[in-house]
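Take each chain as given, in its own frame, and dock them per the hints.
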Amino acid sequence: MISLKDKKEFGELVKANMKRAYFAALGFVGNHDDAVEISQKAFIAAYRNYHKYDRSKNFYTWFYKILKNLSLNMIRDRKKIESLDFIEAKDEDVFKSVESNELAAKIEKALFTLNDNERSIFILKEFENYSYKEIAELMEIPIGTVMSKLFYARKKLSEKLRGMI
Amino acid sequence: MIEERFIILTEKFIDKSLTDNEKKELDKFLMDEDYKKEFQNQINVKEAVMNLNLKKPKSEFWDNYWLNTYNRLERGVAWILISIGLTLLIGFAVFQFIQKLFVDDGGPFIIKIGLIVLFTGALILILSLIREQFIKTKNDSYKEIKR
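For the record, the sequence lines run as chains A and B. Residue 0 is where the first sequence starts when you use numbering that gives the first Met the number 0, and the numbers rise one by one after that. Residue 0 is where the second sequence starts when you use numbering that gives the first Met the number 0, and the numbers rise one by one after that.
The following block holds chain B by itself, in its conformation from the complex (with noise of 0.2 angstroms):
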């Protein structure tokens, strides 16, 4: 079991920050050969990646970077809009069709038939898809974020 306070204490030796007091603390840790061995193996990692960076992108990527999330915003709201458009025409257009079909006495009852079940079915497809979209949407994690 690792004491609370070594921790704080190598943690404050690597970060530089340690006082006097606190490295004859310390030090006296250091005297029991288990911690010894994870103060050094701790000091190990910290030099290694010492001599490591996160990879930089090429300058250029920053020149276009807001540029880019900006451009996928803009498309954002216009996928938006012509879903709603199409959205609009295509149920006009469904229920132009659905008047005209019962109003219109003369094609055969099979077809009729055909055209009710496959609107109910795309309907049905339709309204599963949404809810779907619903409920990942009120699931989503990052919804739950307050100010």
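Extracted from the complex, chain A is given alone in its bound form (with noise of 0.2 angstroms):
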């Protein structure tokens, strides 16, 4: 069981990091009510396992491990992907909007045939402009890997894209 003060300090730490949370989510299961699901339900799970949490590291670096692995759980469990609706264009023009969605909407297809890291490490860097350095330090990987897949991910985005960009 965790104290009183834990709980309002979990508090505020949920609400230092739900947005990155949200949008990790979001990533990884490609929906907005997935998202909420698997973000709170990671959040319940870092409460009950804080006593765990070794206070002399980052908070998000432990809790993404728990997100991310909720993530890949409910996407192994889902037979297909229901509905892909988590990129927008920035467009403010109508009509450029129109074309810039459809394009978000064909990015987002392909952002799912690429494998869970590859996704996650693209809409990181891309989406949420992390550098490279904070990329490997959340993942645990080498900043040349993070790197190189990266570049793979673009590669292999390029081919599914051939034609549209």
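These are calculated hints, taken from the structure and not from any lab test. Ideal Cβ positions, reconstructed from N, Cα and C, are used throughout, including at glycine. Misleading hints may appear alongside valid ones.
Claimed, not checked - Below, computed lysine to aspartate or glutamate pairings styled on EDC-like, alpha-carbon distance capped at 16 angstroms:
id, chain 1, residue 1, chain 2, residue 2
1, A, K51, A, D5
2, B, K57, A, E87
3, B, K36, B, E2
4, A, K154, B, E46
Said to hold, decoys possible - Facing chain A, according to a computed beta carbon distance under 7 angstroms, are these residues of chain B, among others:
id, residue
5, I6
6, I7
7, N43
8, N52
9, D62
10, Y64
11, W65
This is how it looks when you write it as structure tokens:
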């Protein structure tokens, strides 16, 4: 059991990390409802295991592993991807936006042909603007591996999106 | 076969962290048609996603996020307590019932047999469910997480 002080502290941690937790989950599972479900479930799992968390380490790095495992379990358990809806165009121009949203839908599909690690690295870098170093720390892999996975992710996407970009 | 050095230089170029010497090194690679084509493909993907965002939920969503998480957490604890309470009460009731069944000689023998079989079946079912849940928890991958 954790103390009331821990509960308050944990609440602060949720508030400080909920956005990146949600967006990381969104990148893994591909739609809002599942991202909410998984990110909250990960916080609940983290709360129950909070006594195991080493406070000298970064909370989000520890939490991310829980989130990733739960997301991968969800992806594994669902037979097919129900709905992908997690990317939108930045463009405010309506006509350009229609075109960009069509491309967004194609990129969503193409992203889900990548393996889970490639997809999460690609999303962290391209959509959440993480540095190579931050991704390497989060995923506990060397920076060179991050670069390599990102490169091959782009290469695969380029093949999937041939003729569109 | 793509050279590892080319990959690193391309990534650094995309990340705008390429030094002058590295730029010269990359240019040498780009004299080769295959590398040039691959480099262009990488840039095309980068440019295509530059105009896209992850969909953002409405701001109210964030206001309720912790509250919803907390409610789910609290309900989880409530369910555990309810389950323990029910198990204790049902266990006691079953114990009392079986005790009465054997002490009381008045009832028909077939009903006693029927009830014993029924309770044995229910017990096997409960044990099977508990075992399944135990195995599932034991294999839960997030439990492997170390500090």
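> Hints broken by the structure, by number, lowest first?
Replying inline: 9
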